[in-house]
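Protein chains in written order, with the working numbering: chain A, 5 to 467; chain B, 161 to 513; chain C, 22 to 309.
In case anyone wonders, no lab produced these hints; they're calculated from the structure. Among these hints, one or two may not hold up.
EDC-like cross-link-like pairs, simulated, lysine to aspartate or glutamate; straight-line CA separation at most 16 Å [said to hold, decoys possible]:
| # | chain 1 | residue 1 | chain 2 | residue 2 |
| --- | --- | --- | --- | --- |
| 1 | A | Lys111 | B | Glu204 |
| 2 | A | Lys228 | B | Glu363 |
| 3 | B | Lys349 | B | Asp408 |
| 4 | B | Lys285 | C | Glu149 |
| 5 | C | Lys113 | B | Glu428 |
| 6 | B | Lys446 | B | Glu428 |
| 7 | C | Lys138 | A | Glu92 |
| 8 | B | Lys446 | A | Asp170 |
| 9 | B | Lys254 | A | Asp164 |
| 10 | B | Lys487 | C | Asp112 |
| 11 | C | Lys138 | A | Asp93 |
Cβ pair distances, simulated, as ranges [to be verified]:
| # | chain 1 | residue 1 | chain 2 | residue 2 | range |
| --- | --- | --- | --- | --- | --- |
| 12 | C | Leu109 | B | Pro494 | 24 to 30 Å |
| 13 | C | Leu103 | A | Pro161 | 55 to 61 Å |
| 14 | C | Lys208 | A | Ala432 | 32 to 38 Å |
| 15 | B | Leu458 | A | Gly448 | 55 to 61 Å |
| 16 | A | Glu109 | C | Ala170 | 36 to 42 Å |
| 17 | B | Leu276 | C | Leu274 | 25 to 31 Å |
| 18 | C | Leu134 | A | Asp85 | 29 to 35 Å |
Sample of chain A residues facing chain C (criterion: CB under 8 Å; computed from the structure) [unchecked claim]:
| # | residue |
| --- | --- |
| 19 | Arg135 |
| 20 | Pro254 |
| 21 | Ala257 |
| 22 | Gln261 |
| 23 | Asp263 |
| 24 | Asp269 |
| 25 | His271 |
| 26 | Arg293 |
| 27 | Asp294 |
| 28 | Gly296 |
Note that the Cβ used here is the ideal one computed from N, Cα and C, for glycine as well.
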Amino acid sequence: MQKKLLAIVVIAIVAVAAVAVVWQLTQTPSPEARSIKIGLVACYDKAEGQDMDRAAKLAVQEINDAGGVWVKEWNTKVDIDLVIVDTEDDSTGKAVGPVTRAVLEDKVDLLIGGYTSSGTLADQVVAIDNRVPYIITGASSSLVTRRGPQGNYGGLPAGDPLRINDAEGMSYMFHYCTTTADYSKTVVKFFAETMKPLLDSTYEFGSSRNLRLAILYRDDAFGKGVLADSKAVIASENLPIDVVVERSYPATATNFQTDLTVVKDAHPDAVYVVDFIAGTAEIIKQGQRDVGLDTVYIAVECCEDPQFYTLLGEYGTGQLLESKFAPYAGPPFYLSTVDTYVTDYQAKYNTLPGMMGADTYDAFYIAKAAIEAAGTVDKAAVRDAIESISIDQMLIITETGKIEFSTGTNYHEIAPITFVEQLVWNEAAGECRAAIVYPNTAPGIDPLKQADFVLPAGYEPGS
Amino acid sequence: MPEMFTQLLGSVEKELLEFRQSDKFYFVLGAVAIGLVIPFAASEYVVGEVLTPMIIFMIYASSWNLLAYSGQGSLGHAAFLGIGGFASALLAIKLGLPPVFGLLVGSLFSAGIGLLIGLVCVRLKAWFLAMVTFGFSVIIVTLISQFDSVIGGVMGFPTPLIIERGLPFYYLTFVLAAISIGVMYLLIKSKTGLAFRAIHENEPEAKMIGINIAKYKLLAFVLSTFFAGLAGGLFAQSIRYIQVSVFDPYYSFLPLMMAVIGGLRTIEGPLIGSVIIVTINSYLYKIDDVLQGLMGPLFPNVSNVGPPLRMLSLGLFLVLVVIFLPKGISSLLPKIREYFSEKPKKAKTHEGK
Amino acid sequence: MSGLIETLLWGVANGCIYILLATGLNIIFGVMKLVNFAHGQLLMIGAYVAFVATTALGLNAYLSILVAMAAMAVIGVALERLTFRRVLGTDKLNEIFVSLGLIYVFENAAVLLWGNKWKQIPNPLQGEGLVIGETLLGYDRLVAILIVAAILIALFILLKKTKIGLAMRATSQRSETSMLMGVNIEKVYVFTFALGAALAGAAGALYGILLPFEPGIGALPTIKAFAIIMLGGLGSIPGAVVGGLLYGIAETLAVYFLGGIWQDAIAFALLIIVLVIKPTGLFGEKGE
């Protein structure tokens, strides 16, 4: 029996070794024309992730139906092959594996997406190491392109654990999204420039009375980031705003009663809610319905999604949403590309699109334009092409009217314009719709503003 | 009573000799040989994302299993996985300790915390202990979040690499696993291990024959958390990142599932369980498309039925194993061997007739 | 000040939900010496059942509580006979393992059936309440407290005045003795488990009326229920009532003063403190 076993073991080892040799020999590179593989990194657990999936599929279908992407090197047009990279709940343990698989096994040419900041900061590492261009449309932390070495791709000092020393690898990261700094600025400036004057005139407050702002945020990188950025802008621009209460809650909370009561006790003029769709909708509802906090709430742009409007129901009336893509503010829309996209998306999926999908949709067209400009799928060339891209803006308004990534600053960001919408009840739709109330104009779009900001019915100021 | 202990010492030697001469020895040899050679037959992805985690979880599940030998079932082992991960990463980053050293010190740190928690737990009955350990894994998230400015665990951060990715890291993990499991094996076969088992099987009687219950339970706790910490440090290396999500209950249930499904309180159980579950998690996602096509319409509220269906099956599998195969899959192995050795026996009886 | 009073009322209402959950656990543990870590998932399923009853069948939210209790009792019977019965008497850890597996089964079944978007049971009393100055005392909270009180009274009557209640109490003291006295242990076990599950169902329905819920909400209430049992003493129903109220108030006050992140940690901090001081719980154990 022992000898038999020994024989089995020996044969097993030989067999495995033989397989290994054969495997190595059969690895051949493939230079011929093939479809372009783009991995969509998204969190399918969540509504926003599903929106990204739909937007991606719409973009890919449009591009493929029109013949595909022209690759000069192969002298032909090829289709895009969408590779689903589902990071489940986007915790670092679950995000890294699928992206690694996409890069090493599926051998994607490009990655698009990224859902949460912490998940993306973890999963982008494999893309950095393997020099895969990654157009990040989800994570709002600017670190995703700014974590390189000082003076090169960003601003993290040596010794900071998040810093990545591989400048070359960092050059493959592109952030096609607004950062928490971008939209925090819009929100606080709206309060200073539009809401405060209205309060002052309505309630005859002196102009020396600062607007009383409460910040209610989820206790994670996202929430803390927005809090920090908002306070920074208020300080640096000397805005007439006092943050009268900052209150955080665990990211898993469904019950905000107590937190809202604390906020109510601080008598704010407005509440800045920093959370995703489910949490924000709950807070706005519970605040008005259960706690009697009759103020105006402003939600962050990641709530720009059909589910948000559905969840809010009539509790959304008069409330505010900071956004960069407004599928509910029209028709008629402020931008014709938005018009087309909303119509096509609705026709295909029978629901309205959301914001994270919009970024993703644009990113596929950026990828297409870059590959065509580069004439090859070689990743370094594609990276160069994305870096120097200058195509007309699509669904996201930019300061220059073009999609361009920052150069000379050594991090790859765009300069998006964000705005503030106010929700109005729409009887026909049975839920709220939106109208842009700030700012008045944007480059190439005059007017951007669709309606004046009004105080919601039943509104009570802080003092 | 003292004769029992001298008998025991002698029996460890006897055990080892028996093992050397038994069939099991060749299986282990074969398994080790396969483990050493297989990375060459596998792609970079499989080595890094399937095989290496498989081995890391073998250490982790074995550490949990070790604790279970003494009748203590922890529901919060993720706390120590995470402590090991954070400690080794932080030591390397903040103090500039060479990362290999960091692994060791991280494990010691985890064992230290294990000592403190163990001091609370050893006096507790089974389900109290389960609750406290689970509770600890929740509190530690809150604690680490409070110290976010120092630790940075909420956003997380990359772990400095000990060794090159791919094959070097695989072999480092393999060696550490072999050592860890070897140590645990010797421990179980020693008088200490016997004490563990005596405590689990009949605590009052064990007390009567003079075994210091608290001391041995605490020892089991400290050893278990040491190896869990080691697994944590390696895990942080494997995903190259450490973040508070490592404390999720999912990571507390994984070693339990692996050990129970594989064979609770056996050496090979956690190893088998790790292979099974890591393989399932790594490859079963491929049927998600099929599942969605087949069962999607049944469940319109979910856009990707794969993950919940797979998790549900895993839970169901655990329940079925506990009810119908309480000794786990490893209890099937002797039956398989019996099947193979029946044939020659049958032939003999035929000839006899 | 008004905020504090509102918060206190909320804490009491929450505490009442915990009382129901803890009592169910207590009864099961007292009679069967069984630990079911999936008890919180029974609360979760109860919430969904009540939700379905209210939205699909159009029942009043408060009637749905009864539907939830009945449904959970049936599920409880099935659980006891199919799973727990088979591991009773084997390795003590087996119960823990079975309950863990059940957690995954229940949670993922809920995800498959209902998705993981938050739901809430439409509540006829929503948003309305007694207004005293600046303080808003929500009617739904007051009603929840009354309902729990009613259930507890009914439970008390059941345990003290009925035959089955007597059998349960006898079994919780000494099973061998009760068997000798002609008590059908198996029947008592099934009934007890079903009763515990029904209580969890009621807790779930009330939870769903007051709060948004999703498949993952079961995990933490289980731990809190255990913590309450420790505070109040294993097997002691009055202990669970007092413990539950204290816990609900303590938790809400902690959140009010210290911040939301302490909401869950409080349970464990309390637990660990109690266990360090007195490993058998504050009031010790009854019937062990």
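Hints, verified against the model:
1. A:Lys111 with B:Glu204: Holds, at roughly 12 Å.
2. A:Lys228 with B:Glu363: 50 Å, violated
3. B:Lys349 with B:Asp408: 33 Å, violated
4. B:Lys285 with C:Glu149: At roughly 46 Å apart (the allowed maximum being 16 Å), C:Glu149 and B:Lys285 break the hint.
5. C:Lys113 with B:Glu428: 22 Å, violated
6. B:Lys446 with B:Glu428: 28 Å, violated
7. C:Lys138 with A:Glu92: Measuring from Cα to Cα gives roughly 15 Å; hence the hint holds.
8. B:Lys446 with A:Asp170: Violated, because 33 Å separates the two Cα atoms, which is more than 16 Å.
9. B:Lys254 with A:Asp164: Satisfied, since the Cα-Cα distance of roughly 9 Å is no more than 16 Å.
10. B:Lys487 with C:Asp112: Judged against 16 Å, a Cα distance of about 11 Å means the pair holds.
11. C:Lys138 with A:Asp93: At roughly 14 Å apart (the allowed maximum being 16 Å), A:Asp93 and C:Lys138 satisfy the hint.
12. C:Leu109 with B:Pro494: 24 to 30 Å: Holds - the Cβ-Cβ distance for C:Leu109 and B:Pro494, about 27 Å, lies within 24 to 30 Å.
13. C:Leu103 with A:Pro161: 55 to 61 Å: 60 Å, holds
14. C:Lys208 with A:Ala432: 32 to 38 Å: 59 Å, violated
15. B:Leu458 with A:Gly448: 55 to 61 Å: 49 Å, violated
16. A:Glu109 with C:Ala170: 36 to 42 Å: Since A:Glu109 and C:Ala170 have Cβ atoms about 60 Å apart, the given range 36 to 42 Å is violated.
17. B:Leu276 with C:Leu274: 25 to 31 Å: This hint holds: roughly 28 Å between Cβ atoms.
18. C:Leu134 with A:Asp85: 29 to 35 Å: Holds: the Cβ-Cβ distance is about 34 Å, inside 29 to 35 Å.
19. Arg135: At about 36 Å, which exceeds the 8 Å cut-off, the nearest Cβ of chain C leaves the hint on A:Arg135 violated.
20. Pro254: 5 Å, holds
21. Ala257: Since chain C brings a Cβ to about 6 Å from A:Ala257, closer than 8 Å, the hint holds.
22. Gln261: A:Gln261 check passes; min Cβ-Cβ to chain C is 5 Å, inside 8 Å.
23. Asp263: Interface hint status for A:Asp263: holds (5 Å vs cutoff 8 Å).
24. Asp269: 4 Å, holds
25. His271: 11 Å, violated
26. Arg293: Holds: closest Cβ of chain C sits about 4 Å from A:Arg293, inside 8 Å.
27. Asp294: 6 Å, holds
28. Gly296: 5 Å, holds
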